Structures are given as structure tokens and as C-alpha cells.
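J.: Single-letter residue listing:
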Amino acid sequence: MRDSAAFSDPARERIMFARRLLVTAVVTLLLTLVLIVRYFDLQISRYEDFATQSNNNRVLVRPVAPSRGLIYDRNSKLIADNRPSYNLTIVPERSRDLEKLLADLGDVISISERDIKRFRKRLQQRRPYEQTSLRFNLSEEERATLAVNGHRLVGAETSARLKRFYPDGQLFAHVVGYVGRINERESQTIETVKYSGTDSIGKIGLEKFYEQQLLGEVGSEQVETNALGRVTRVLDKTGSVSGDNLTLHIDSNLQKVGLDAFKDKRGALVAIEIETGGVLAMISAPSYDPNLFVTGISQKNYDNLLYSKDRPLFDRAIRGQYPPGSTIKPMFGLTALQHRVVTPSYKIKDNGYFYFKGIERPWRDHNFARGGHGDGVDLAKAIIESCNIYFYGLGVKTGIDRLSDYGGQFGLGSTTGIDLPGEKPGIMPSRAWKKGSRGQSWYNGDTINTSIGQGFMLSTPLQLAVMSARIASRGEVRTPQLVKAINGIDQPTITAEKDISISDQHWDYVHKAMQNVVHSGRGTARSINKGLTYRIAGKTGTAQAISIDAEDKYDNTKIAKRQWDHALFIAFAPADDPKIAIGLIVENGEHGGSAAAPIARAVFDAYMQSNSSTALVER
Amino acid sequence: MHRNDFVRQLNSPGGDRRPSRVMHIDIPLLLILIALCSIGLAVLYSASAESIFYVKRQATFMVIGLFSMIVIAQFKPRLWERWSIFIYLCGLLSLVAVLFFGVGAKGAQRWLDLGVTRFQPSELMKIAVPMTLASYLSKRHIPPRFKHVSLAVIATTIPVLLVAKQPDLGTSLIIFSSGFFALFLAGLGKRYLLSTALLAMAAVPTLWFYVMLDYQKQRVLTLLSPEQDKLGAGWNIMQSTTAIGSGGWSGKGWTQGTQSQLNFLPESHTDFIIAVLAEEFGLIGVLGMLVLYLLLIGRCMIISLNAQSMFGRIMAGTISLTFFVYIFVNMGMVSGILPVVGAPLPFISYGGTAIVTLFLGFGILMAISTEPKRI
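Going down the list, the sequences are from chains Y and G. Each residue of the first sequence is one higher than the last, beginning at 1 in my numbering. Each residue of the second sequence is one higher than the last, beginning at 1001 in my numbering.
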């Protein structure tokens, strides 16, 4: 019947199989005998030993929680601390009557219905003799009351734990992030032993990114307990190892000045130390208090944050993607100079409109109503007064391939690699990008939009700061980093192998134009030059939050404030020997010069003041 | 009464019209399974700190398993013989998929997320590998020739390595032994057996230095000196041997085990559940349990002896032997004579997927046992 049955003999096969099965049956019985011998040995021969051991087995091994690594700013100011927090826990097996105990506790300290409801829920998931929390964060007074009444509260205990505390509240929320209770999803993926001493884990920000370093190593202790499971003495202890301490590049003072300067405006600012790529300040406004999340945020507080129109939980600095607008003009100017598409002596006449062959609808300048920027607009003037018409022509002549290539080199269109989770890449459009994501070919109209930082282009405030730093350093490519040192050991600056190659005379030319944006009488950011004792180089930008038809004029009286243009600014200082670079955006701030630039000035002032004073001290 | 059934079935394996035959149910097998499940639920109730939740869930899976077993038993063994290679290839494909898209827990990547439910391909392979090998080898020359042996070894090794990489050493071991049993029962030559033994000896250092992960090595070292690893596996072994040893002849009584009830014994409701049984029911309980297991295995071996085809013989024999591997590995590891690998005790340990897989295997066995005689 079978394919090869003709060659085999079913009867012989049967006999062979039966013999083989017999062998396995014998082996099975022998191995069972091994098991029986082992269990006999444990249960009968050594019964006395184990019975005694079991009777005396009041020795438990408990994990010893490591203390989480601390986080400091560059001047050793503590910005993430651990503080003891006292919880009221209950072991129901030890209380004679749980309901009475709960009632008694309610008499001496305040326990809400919700506390009890949650306690009962936790009670169902616990193991026998496990401490189950009833109240968190007991005050000093409550602890004293409980201690005094201890004798009639058998089964209740106060237990101390270290709790994360952020002394500056909302100031560093988007940088440091916060820790929170380990949730069900996380508990599936973490190593149980490593987390056996703690119930919190880094949720976002640096707390999440550096979780492995901050966590530390859990220790263990053997404790002897009495018949009710209460610890009577510690027999042996293997200490825990604290997590690594982080020192940030962040300067608390700059951070504070920056956040204050936003007042009630929404937006983000990133300041970078040019030499190292270290992030001096990183602000997303409005912010929130991370302490709310540490022991579990209440639903009401969470809803308030989550559904607030101002979106305080949204980290605009690395996740907000905005059109960069005119802030990319210096960069594209450098690209065009380097490729000799334009020269410093090349000038155009701008009457407010730009026509492209074959397209009827013109592109306009922002001041087309006043007739454009007039005669003799060269690259410097186009940067200083932010002339779009000049850049439309420059963009078309340079071509999208080169614009896109240089945009990438200056840090646009891909994540910068900062040590934070969740960074967005923005978009630096190219032919390949458009084909890939839209399935369409690239048109000249796309190039024209790109040449003033509109159209498909998107960038995060962090990317703006990186671009600003790379312009300031004349093409040195550094990856922005928040952590300066781990346990006091300085982390290396992350440098690309190759600088951006652009001739010196072009850097000189564009740096000078950017200085004149601030310091000349016609510069778009001239409003911030009053009383300046040092020089700032910058570039303003305006990004459309909604699209406006060619025939219509942008008129803020006709549209809702939430749809007003975004104001942007990139800058570095001091202009002749750049130390600090900034990228920032003010949502619906309308004009880079009036809304965004003053915030940058405040941060620069604070930086120059503190750095000149340290310089004096050093001398 | 069922003893009579037992005897009658021994003597006349096919050709009668009794309801159990028509329904393709092997009564002795079913009774033993039900007895094991009942004991399992009782021990689980005690081991899970008297949690009705766990017992309910486990019972649900047992009922699902029983029904699937009966459904599977309705298909002719020929069908499994013919389709085994497709089941095997599907299993292999999903194992590779796990490698790339798998989701997991605690550092291991074992599941495929199918949206509605999670699926663990390694469980499927526990049945697919012996089935494919039985189907392949039974159609070739008996005993297998070199070519057939090589192909069978390759077909076993690939899933074994893929599962070991997840990493899931326990399951990988089960799949490996099922492949070996299939070959052995198909009459693998003495030369091969000897070289396998030599190869195994040579493989130990290779495995140690190149294949095993640190935590797996730790498990083996723990076996040698449990005091070294106080928070992890060493603690488990110290506590489980104390629990077993303190049970004595007759145990401390149901739900009265101090080791397990006072939370000294970790994983008491899953892999270490035999320690609870040993503590609460003593050596008598352990022996009773072993007798039930041996009865089950014996019944399966009789089924395989009486099977109508070589495929049926090899398949049934392999399933019964693999079942014993579960028991030996689990009881050996909990009593401290084998290293700790993740291996549940069949029908007693808490865990839904494993139970359903077990029942599926016995469903195929029932199909084989009730196949009409063909001469």
C-alpha cells in the first residue's frame, strides 16, 4: 500500500518497532526510578533535616533597592533628587480583623474611600504575607500619630522608600522627563530581578534614555521573621549599588531665563555650546510639573494636562515640526556661494513678484504690497531684509539636489542623535523623498517653496539650533548632547569625520550679513540691538501655520490667533568668536524679529553675563 | 467497568460499533487525563494561594483542550500523515517570523502577535516535528538509510536552533528529543546511536562556550552551588528542595504547606508546582502522581504497538516518550538534579497554551488508537 512497501516486510517492521519500544519502556522505568530515589532521599531519608529547616524557615530573602542616580546641571546644581517617602502598608494575615484595622486607621489619620477602594484592588493581586500599600506619602505628623497608636494597629506598618523628586518643578520637565510606576506593559519586558527592589522606571526624557545607567544594581538581604512573618533581624546583606550620576551640559540659569522669557507664549528654544555640541538650555513652553507623575498622577490632573489647548506635555523642542521659513536663508546662501550660483556682486531688482517660466501664478514677497525690496538686492541685503524674491531665483538656479544635500549636512531632515527618546526627524525634501512618500516627481515649484523654507520642509527647534551652531562654527559638525559627564567622567564630544566644506570668504560674507540682521538699521531683528555690549548674528523667520492664497494678503485681524504665523529665530553670539548658538520658535508669534528674537537676546545676555564674570574670576 | 473496556480494547483494536469507537475516543486514556486534570486543579488551587481566578482560567483551558482533543481525534491518521509537511513548513515559517517580528516577555521573543490573539509557534513545532518525521520515515526504508537520517536530522535541528535562539531552552529540548525518538523508533542503526552519543559528549563544551547565554550557564552553575544566586534560580532550588523534603511520607495536608503558603517558594503555581504537591501530599502523593503518569504513558505505548500503520506507531510512540521527557525534566529540575530550564509539569502547572498543545497530541493518539484495521 505504501510507496516502498514492496521492499519492506510489515511483520519484521512490527517486531523491530516492538523491540525498540520495549527498550524505551525500560529506560522510562529506570529514569522514573531515578526520580523516585531522589524524592525518597529528600522526603524520607533527609526528612528530619528538611522538616526542621522548614519549621525554622522564617528566613526570607528580600531585595535591597539601589538609589537611583542623581542628575546635576553643569554647575553641579541638583535637578533630580531622591527623597524618602513613607507609605502605610498592611499585611492582612497579621491583623486579627482587617475591617476593624481599616476603621481604626481611619480614626487616626485621613483615609479616603478611594484609598480603600484601590487598596482592595491591590489586595487581590498580592501574594500571601506581602505588604500592600494603603496610603502613599505620609506626612511627618501622620507618621508620628501612627507610631503612637502602633500597639492597637497590629498588621499596619509604615515603610520608607526613596522617591524621585524634581526640586525645580516644571523647569526641566521636557529635558529630564520623569519616572513613574512600572506599568503592565513594561513589566512584561524588564528583567524582574533587576527591578525587584523598585516599582518605578524612567518614562520619558533623560530618565528613560539613561534608565540602564540611572537604575543601579539591586542588593539582597536575608532576614529572619517570626511566626507572623514580621522581620526580627537581618542575617546577611549584599549591598545595592547606586545608579550612575549624570551631569548635564544644561545651565539652570539659562534654562530659567529662557523659560521666563516665553511668559505665556507657546514655543521652544534650544541653546547649544558650539565647541562641544552640549545643550545649554532646552525649553518647551508651556511646561508641567514632573513631580505629579512620580507616585501616579490623578486622572483629573492628567486630563487637565492632556486636554489643555496649550499642550504642555508635548515636547516641542524635539517633537514639534515646523516649517523653518526664512531661517534657512543663510544656509542656502552659503550653498549657492560655494557652488558659484551667485556671487556677492550679483544683484536683482525686486518689485514684489517672482514669475517662473510656464507658470502663470506668481510667487510673492512678504512685502509685495509695498512694492518689494526694490533695486540692487544682493545676497547680503536678501538676508538682512529677508527678501524672498532673491531666494526664489537662487533656489531654482542652485537646484533641489544641492539644497537638499546641504540641508542634510546642516542637520535638517534626520534626527540629530541627541540623547533623548522620541526625537522627530523633520523633512528636508528631495526628489527621492517626494517619490518615496508622495509617489510624485519633483517640480520647480517645489524648489521655489523649499528655497524660503516653506512647502514640504519641516524642522524641529533642536534642528534649528544645530543648523545655527554649524553655521557659527564654520561647518564643524557636532552631535548635540545633554549629558556632559557620567559619574564625573566627561563624555567625549561626538564629532563627524568631515566638516561641511565651504570656503572661508563665504562664511565671512554670510556671518557679516547675519550680524547686520541684528545690528544694521534695516535688519529684521534690529529691535534687539539696543544696549548690546557684544555682537549677535542671527536670522529671523516666519512660518505659515495655514496656507494663504496668492491673491489674499495675510491679515491677522481676519484669522484666529491659533492660526497666526509662527515666529522663528536662529542666532549665535558673540558674532566674532561664537560660543553659543540658539534656535527657537514662538507659536503664532507672527514676526521672528519682534516675538522670537527678544527671547534669544535674554538668553544671550544671561550667558554673556555669567561667562564674563567667571572669566574675571579666573583672571 | 472501564477495566473491562480496557481488556476488550486490548484484544480487539478495531472493527466494533461501540460508541467510544464511533466517537474515536479511547476511554482509558480519557479517564487518566481527566484524573490528572482534576488533581492539577486541586494542587493549583493550593499553589496559587487559593485563587479561584487561576483555577477558573486553567479549567477553561482544560475544557478547550478536551474538546480540541476530541475534534482532532475525528480526523483519520492518514490525513495527518499527508498534511504533516505543510504544518511543519508553516511552523518553520512562523518561527522565522518570530525571529524578526516576534513579541516577548522578560528578554525572550516567543510570540507572534496576530492582533486578536498571540500565537507561540514553538508550541506548534512540538507536534509538527514528530508528525513530519513519522510521516517521512514511515514511507521510506525501515530502518532508515543514511540519506533519510540526514534529512530527518536537518528537519529537527532547524526548529531546535530557532527555538533555542528565542531563547527557550526547555521547548528546544522537547523538540530535539521528539526528533530523536522518532528516529529511534523508526529503527535508527546502532552505528548512528553510538556516533550520536559521542557527538553529544563533544557538543557539551561547544554548547557551553559558543551557544549558551550567560543566564543559561548561570542556571547550570546554580545547580552545583545554589547559594551563589540568592535572588534568582538558586533561591528557587533551595526553597523547592526544602518544600519537597519537609513533606515526608504523607505531607502536611492540602493548602497546609508552609513553604508554598508563606511565599518562600517562587513560581509555585507554574514550573515549581510539584514542590507544592510534594510538600502537601508527601511521597505518597508524588508516587501516586507518577503512577498516573506511567499509566498514561503505558496506555499510549499500547496504542502505538497496536497502531495500523508505521506512521501511527512512530507518532504515538514519540508522543508518549516526549510526554515522559516533560515529566522527567520538570521533576528533576525542581528536586535539584537537573538545571533549571523553563519546563512545566504536564496538566498540573498553570499555563494555557501548553495544556492545549498536550491535548492536541493526545487527540492524534486517539485517532491512531481507533483507526479501523487495514490489512
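Calculated from the structure, these hints are not laboratory results. Worth double-checking, as some hints may not be accurate.
Quick partial rundown of chain Y residues pointing at chain G, CB under 8 angstroms, derived from the structure [unchecked claim]:
no. : residue
1   : ALA25
2   : VAL26
3   : TYR39
4   : GLN43
5   : LYS435
6   : GLY439
On a predicted model such as this, the values are computed, not experimentally measured, just so you know. Beta carbons are placed, not taken as given, at the ideal position from N, Cα and C, and that holds for glycine.
J.: Restraint: VAL26/Y near chain G, CB-CB cut 8 angstroms. Satisfied or not?
T.: With Cβ-Cβ at 11 angstroms, over 8 angstroms, it is violated.
J.: Under 8 angstroms, Cβ to Cβ, is where GLY439/Y needs to be relative to chain G, so tell me if that hint holds or is violated.
T.: Result: violated, 26 angstroms to nearest chain G Cβ.
J.: Tell me if the interface restraint on GLN43/Y is satisfied: Cβ within less than 8 angstroms of some Cβ in chain G.
T.: holds, 4 angstroms
J.: So, as I understand it, the hint says LYS435/Y touches chain G; can you test that by seeing if any CB pair is closer than 8 angstroms?
T.: violated, 27 angstroms
J.: Holds or violated: is there a CB of chain G closer than 8 angstroms to the CB of TYR39/Y?
T.: Constraint on TYR39/Y satisfied, holds at 5 angstroms.
J.: Less than 8 angstroms between beta-carbons is the criterion; does ALA25/Y satisfy it with respect to chain G?
T.: holds, 6 angstroms
In terms of the numbered hints stated before, the structure departs from hints 2, 5 and 6, listed from lowest to highest.
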